[in-house]
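Trainee: If you want the building blocks of each chain, they are given just below.
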Amino acid sequence: MGRMLDNLRDFSGSGFLFILLLVSIVFLGFRLKRGTVKTLTVYLPIFVLAIFFCPLWNIYTKNAEDGEILYRLLWMIPFAVVVCSALVEAVHMLPERYRAVSFAAAVLIIIISGKYIYANPHFYKAENSYHVPQDVVDICDDIRIEGREIRACFPIERIQYVRQYSPYVCLAYGRTVLLGNGYNDYSQVEEFLDDEVIDTEGLTEELRRVDTPYLILKQDTEMTEKPDKYGFNYVKSYGEYDLYLDENAYLGTWTEFTDN
Amino acid sequence: MILRCMIFVVVFLLATAMIGYNLKRDDESPLMTLVYGLIISWALAFVVGVPLIIKHKPLSLMMWILLALYGVLAATGLFTCIRKRIIAGPKAPIVSFKKSEIIYLGLFLGIVAFQLYKAIFYACADGDDAFYIATARTAEISNRMYELDAYIGVPVDEMPFRYVFAPFPMWEAVLARVSGVHTATLAHTILPPILIVVTYILYNEISKLLFGAENREKRFMFLTLTAVFEMFANVSTSTSGTFLLTRARQGKEALACIILPLLFYELFRLARAEVELKIKDLMLLFAAFGAASLSSLLGNVLAPIMIAGAALWMLVKRKRFGNIVLICTPVIISAATVLMYLKIR
Numbered sequence: 001m002g003r004m005l006d007n008l009r010d011f012s013g014s015g016f017l018f019i020l021l022l023v024s025i026v027f028l029g030f031r032l033k034r035g036t037v038k039t040l041t042v043y044l045p046i047f048v049l050a051i052f053f054c055p056l057w058n059i060y061t062k063n064a065e066d067g068e069i070l071y072r073l074l075w076m077i078p079f080a081v082v083v084c085s086a087l088v089e090a091v092h093m094l095p096e097r098y099r100a101v102s103f104a105a106a107v108l109i110i111i112i113s114g115k116y117i118y119a120n121p122h123f124y125k126a127e128n129s130y131h132v133p134q135d136v137v138d139i140c141d142d143i144r145i146e147g148r149e150i151r152a153c154f155p156i157e158r159i160q161y162v163r164q165y166s167p168y169v170c171l172a173y174g175r176t177v178l179l180g181n182g183y184n185d186y187s188q189v190e191e192f193l194d195d196e197v198i199d200t201e202g203l204t205e206e207l208r209r210v211d212t213p214y215l216i217l218k219q220d221t222e223m224t225e226k227p228d229k230y231g232f233n234y235v236k237s238y239g240e241y242d243l244y245l246d247e248n249a250y251l252g253t254w255t256e257f258t259d260n
Numbered sequence: 001m002i003l004r005c006m007i008f009v010v011v012f013l014l015a016t017a018m019i020g021y022n023l024k025r026d027d028e029s030p031l032m033t034l035v036y037g038l039i040i041s042w043a044l045a046f047v048v049g050v051p052l053i054i055k056h057k058p059l060s061l062m063m064w065i066l067l068a069l070y071g072v073l074a075a076t077g078l079f080t081c082i083r084k085r086i087i088a089g090p091k092a093p094i095v096s097f098k099k100s101e102i103i104y105l106g107l108f109l110g111i112v113a114f115q116l117y118k119a120i121f122y123a124c125a126d127g128d129d130a131f132y133i134a135t136a137r138t139a140e141i142s143n144r145m146y147e148l149d150a151y152i153g154v155p156v157d158e159m160p161f162r163y164v165f166a167p168f169p170m171w172e173a174v175l176a177r178v179s180g181v182h183t184a185t186l187a188h189t190i191l192p193p194i195l196i197v198v199t200y201i202l203y204n205e206i207s208k209l210l211f212g213a214e215n216r217e218k219r220f221m222f223l224t225l226t227a228v229f230e231m232f233a234n235v236s237t238s239t240s241g242t243f244l245l246t247r248a249r250q251g252k253e254a255l256a257c258i259i260l261p262l263l264f265y266e267l268f269r270l271a272r273a274e275v276e277l278k279i280k281d282l283m284l285l286f287a288a289f290g291a292a293s294l295s296s297l298l299g300n301v302l303a304p305i306m307i308a309g310a311a312l313w314m315l316v317k318r319k320r321f322g323n324i325v326l327i328c329t330p331v332i333i334s335a336a337t338v339l340m341y342l343k344i345r
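Chains A and B, in that order, give the protein sequences. Counting from 1, position 30 in the first sequence corresponds to residue 30 in my numbering; the numbering is continuous, with no gaps. Counting from 1, position 162 in the second sequence corresponds to residue 162 in my numbering; the numbering is continuous, with no gaps.
The following block holds chain A by itself, in its conformation from the complex (with noise of 0.2 Å):
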């Protein structure tokens, strides 16, 4: 039942819209007479919660790498549709004159239980229409070389973003590292990033072995030394990020590259 727990408390949060399900559940389940809609509202998300909490999931959880996914088991709740009905057959109960009143008690029922999603840190007024940060485009589209992708290394906050807008640059490490299974063999540059102080020179020799010839970093990165001393050149900022160049890079196309 343990892991299970955890996956109702990592999907219900606060609790209070759980709560506020079961309520529901319990309501309509004493105010809806027999028929289609009492089954779907009530016995349906009984049904689900019965196959969350079965005993044999505990099995699957120690055995699956997907154990902490098993919240997912409860979409089968229809919860807006429950919840919402509740309500409305709550506010119809009361005499018409009150309604509006009661609607606006509904709502502030969900208010309170709820949690403004608009709220979200996540969310920020988008830059352009890939959502994607402009640093990262402007940076994506100055070092693309036409028939042919190019390497960079991206701070760890922008990297989620790069391949979502060109697939021309490749990075020298990717979301792996944040994921912590630990795959992410290409390269060990995420381990010199880690660093409150980055060794400039293991990072350019990392960066070097894995061919790339790109570094970004933000601003106030702090550093044994600059780049500069160990052949990675400043070409120009952007916002709060600089980006440097391998002075040794070879930046042509595979094609004049290999008949030369």
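Some hints could be false.
Facing chain B, according to a computed beta carbon distance under 10 Å, are these residues of chain A, among others [said to hold, decoys possible]: (1) Asp10; (2) Leu17; (3) Phe27; (4) Tyr124; (5) Asn128; (6) Ile159; (7) Arg175; (8) Ser187; (9) Glu191.
Derived from the structure by calculation, the hints contain no laboratory data. Just so it is clear, the structure is predicted and the values come from calculations on it, not from any experiment. The beta carbon of each residue, even a glycine, is placed where N, CA and C say it ideally should be.
Starting from the known structure of chain A, fit chain B onto it as the hints suggest.
Mentor: Chain B in isolation, oriented as in the chain A frame:
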């Protein structure tokens, strides 16, 4: 770019509606054609996409096959629509709205418009996009499906089969390739408002079953409350409301906010029906199961569980045994997908 996007939206909605007309029942709102059109498109993308991906075929082949199928279905939908319009009698007059109905409807439309504005003009960073959208964008440009690591761009040793069997991003890649709209624009700016509207179209249809089509005050109040509910469902990152308003570009969102509610709606209809299951009902269930498989591997578990619940209830209620057997047949899609996944991975 804006013009291209607008042309795409118009053509996409028209084509989707025509495709969906094939499954629309007479008592349903014409808006349901959009829901059905999407469901059919997704199911076909799954059936066509998975074998091609496993065989290392290019995205362009998937695109041409899908375009041909979508074209045929859009043509048959259009033909059916015209034929029905010709033979249909005069439409029933629309009963005028009461003041309270106008207020609730206005509130609902206002809240939805606000959500659409947020979906288009505000970005919501989600780490999973680094895989899903990058996978679609990589396929669109490279013409190869799941052969390059979406995160860093190097060729993969082995395909990520967990995602290969739920190739929702390839459907997006096909749309991007056909339209010439950048995959990121398509996924972040164009698809979210469409998917959000489709969810509310479904809620509107569910409200008719809950309260009766004629009880518009209750229905519009219900719709307003659902719109508020979704906006305040951010108690965790896992609720369907959070997925609807922050991740309406990923297969998981399609599963949680469109496919499972559609199954709920369809089972609602079937549970009420006393007559024999119609061919359209069965086709809709098959399409919903195909769409569930496309959206997420877990769709192959959730959709059959919902059907199992319905079948159990129909057994208890001693409904027609033939109907019970028939509604269980689409489970073949999920079972075959899971078995193939377990064999290949």
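Trainee: Is the shortest C-beta separation between A:Tyr124 and chain B less than 10 Å?
Mentor: holds, 6 Å
Trainee: Is the shortest C-beta separation between A:Ser187 and chain B less than 10 Å?
Mentor: Cβ of A:Ser187 sits 9 Å from chain B, so the hint holds.
Trainee: Take the shortest C-beta to C-beta distance between A:Ile159 and chain B; is it under 10 Å?
Mentor: With a closest approach of 7 Å, the A:Ile159 hint holds.
Trainee: Minimum Cβ distance from A:Arg175 to chain B below 10 Å?
Mentor: holds, 4 Å
Trainee: Does the closest beta carbon of chain B sit nearer than 10 Å to the beta carbon of A:Leu17?
Mentor: holds, 5 Å
Trainee: Is the shortest C-beta separation between A:Asp10 and chain B less than 10 Å?
Mentor: holds, 6 Å
Trainee: Classify the hint on A:Glu191 as holds or violated, based on whether any CB of chain B lies nearer than 10 Å to its CB.
Mentor: At about 16 Å, which exceeds the 10 Å cut-off, the nearest Cβ of chain B leaves the hint on A:Glu191 violated.
Trainee: With 10 Å as the cut and Cβ atoms as the points, is A:Phe27 at the interface with chain B?
Mentor: The hint is violated - A:Phe27 has no Cβ within 10 Å of chain B, the shortest such distance being about 14 Å.
Trainee: Next item in the hint list is A:Asn128. Is there a CB on chain B closer than 10 Å to its CB?
Mentor: holds, 8 Å
In summary, the structure is inconsistent with hints 3, 9 from the numbered list given earlier, while agreeing with the others.
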